[in-house]
Amino acid sequence: MRLRPERGLGLVLRFILALVVLVFFLFPIYWLAIISFKTPDEIFSFPPVWWPEAIQFANYAVLFKDGDVETIGNSLFIAGASTLVATLLGTMCAYSIARFRTGGNMFSDWIISNRMIPPIVIVFPIFLLFVALGLVDTYIGLIMLYTAFNLPYVIWMMRGYIQDVPVELEEAALVDGLTRFEVFRKVVLPMVRGGLFATAVFTFVFAWNEFIFALVLTRNEVTTFPVQVTHYFGGQSNLWAKIAAMSVLGTVPIFIVVAFLQRFLVRGISLGAVKG
Amino acid sequence: MNANADPLAVGGGAPPKRARRRSPDRAFRYYMIAPAVFVILLIGLFPVIYTALKSVQNVNMFDMDTSYQGFIHYKALMSDTRFWLALAHTLIFVVVALPAELALGLAMAYLFVDRMPGRPVFVTLLVLPVLVSPIVAGATWRLMLDNRYGPINQILGWIAGEEVTLLWLVDPNLVYPAIIIAEIWQWTPFMFLLLWAALSNVDQSQVEAAELDGASWWRTFRLVVLPAIWPVVAIAVLIRALDLFRLFDVIWALTKGGPGTMTETISIYAYVLGFQQFETSYTAAMAFVIIVLLAVTVTIVLRRIEIDR
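Residue numbers (my numbering), protein chains in the order written: chain E, 472 to 747; chain Y, 3 to 311.
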């Protein structure tokens with residue numbers, strides 16, 4: 472908390488401390504990744520080896536050969552479709568709240584409170600409902616549920632972004648004869664494009680990583696990747712290679728996408744509490 | 003809420019136009035929220051009503067009795083030791099992991115608030131654990147903590163100078179530390195990121211002034227820095243407290259609530275009851291108790307911290 476940049480010993484100490492912190496938080500990810508490149512002998516060698524003889528991809532090849540990677544495709548489709556729907560419906564709702572104060576504070580509070588309900592409480596009645604409707608183990612079931620679960624987040628975030636758009640622009644467009652919906656689509660949406668994109672990505676990440684709903688509501692047809700990972704836990708521990716390889720396959724896409732979003736990172740994960 | 007939140011509805015456009023547009027506008031604003039509200043009701047209304055309804059019936063694997071049974075399941079729940087223990091386990095995780103994450107996150111935020119070579123890279127890399135699926139985080143720590151092939155015991159062995167074979171996920175004394183370490187690893191970066199952003203926004207001139215006046219570090223922190231970052235701290239703590247209260251994934255991946263039921267949280271217990279023992283009505287009663295408990299707590303907390311919307 473000082474204006475003048477410090478020099479010398481203080482800075483060096485701080486830098487070393489920063490490196491130590493970084494090692495603690497990255498080492499587990501490194502360990503997971505490196506296991507996925509090891510041979511079975513190297514995985515189960517004692518003492519553990521920190522760097523394999525050769526980087527080899529046999530553990531991944533097995534996943535592709537057995538079709539386990541299809542679960543990544545399922546995750547992609549379910550998370551993608553629910554993100555699309557949630558972002559569209561949520562932004563419309565957020566616009567109405569931001570511009571017309573529709574429903575007042577009570578309505579906004581109610582919306583965000585839905586985000587706070589523990590999944591375990593929701594999943595039980597939803598499971599029975601889905602059984603009755605034949606939606607268990609279907610794409611449409613999970614997509615609907617993730618859409619509902621993500622909507623409060625989208626509405627909350629987009630309301631913040633839309634409030635930052637100057638109203639004068641919309642008034643001008645109205646005078647020019649655009650309808651309300653055209654104003655929303657042609658004036659507001661382009662203005663909040665960045666925030667919209669960031670919100671969509673975080674929505675996608677939530678759906679991608681989600682576990683309880685997927686565990687309860689899928690069987691064999693639409694298993695998502697986190698559920699698939701837990702299928703490798705079992706009595707015999709020789710599935711470590713699959714656990715590691717599958718986890719890496721399911722994690723790398725998220726890292727890549729979010730790397731492009733640093734600007735929105737803080738606001739995105741803080742429900743807009745900090746305007747990043 | 004900002005002052006011009008409703009300008010289009012009342013002030014925009016020329017008067018004659020406004021008069022003509024008034025009623026379509028009214029409809030428009032409700033068209034816009036209708037689809038979202040409809041979908042949210044799927045998780046926000048239906049489950050709550052359904053749960054309340056089932057909890058006063060008697061439905062389980064063998065019995066489909068949907069007649070009104072009164073509060074028998076609530077009574078049974080009150081004397082269910084396993085439920086109270088699960089609640090206690092859940093609170094242990096909240097009470098231990100949350101302050102630890104907050105303290106570590108704040109320390110890290112201080113570490114990175116001043117300029118340093120490579121700071122943007124540090125911050126980006128530090129956030130990676132937050133983005134990992136909790137199931138993957140659990141799996142990772144399962145591999146890390148393995149008594150024979152994991153690196154944790156190996157590193158401890160180097161320090162101790164002899165072979166270490168701690169059974170992290172089986173030993174009753176170690177299983178809580180193991181889960182809490184995994185939680186801290188995944189979520190401290192979340193605290194860090196929020197607090198770091200908040201600290202960066204603190205008015206520097208006030209901090210300088212306090213230091214010039216000879217205020218100690220602690221006084222400066224308490225009287226200048228803390229009030230400035232308080233809203234963010236409150237939000238971060240609230241989000242994490244709610245997450246920890248529903249803790250499921252990491253424990254599922256690490257211990258499945260074991261050994262025995264030692265690390266069983268209320269989420270895990272509810273899952274076992276509902277999906278392995280098919281005690282529909284009993285699970286519903288428990289779920290409803292959780293909803294009420296949470297609603298009351300959150301309302302009280304929100305009243306007290308008065309977060310600015």
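If you're looking for bench data, these hints aren't it; they were derived computationally from the structure.
Hints should not be assumed to be uniformly reliable.
[What the hints assert, rightly or not] Quick list of simulated restraints, FRET-style, between CB atoms:
id, chain 1, residue 1, chain 2, residue 2, range
1, Y, W219, E, G479, 34 to 44 Å
2, E, G544, Y, P229, 47 to 57 Å
3, Y, P233, E, T650, 31 to 41 Å
4, E, A643, Y, L93, 32 to 42 Å
Each residue gets a CB set at the ideal place from its N, CA and C atoms; glycine is no exception.
**Report entry** Outcome of range test on Cβ distance (Y/W219, E/G479; 34 to 44 Å)
**Finding:** Roughly 20 Å apart at Cβ, these two residues miss the hinted range, so it is violated.
Query raised in the report: At the C-beta level, are E/G544 and Y/P229 separated by a distance inside 47 to 57 Å?
Result: holds, 50 Å
Query raised in the report: Do the Cβ positions of E/A643 and Y/L93 conform to the proposed distance bound of 32 to 42 Å?
Result: Hint violated: Cβ distance 55 Å, outside 32 to 42 Å.
Query raised in the report: Is it true that the C-beta distance of Y/P233 to E/T650 lies inside 31 to 41 Å, as the hint says?
Result: holds, 38 Å
Against the hints set out earlier in the document, violations occur for numbers 1, 4.
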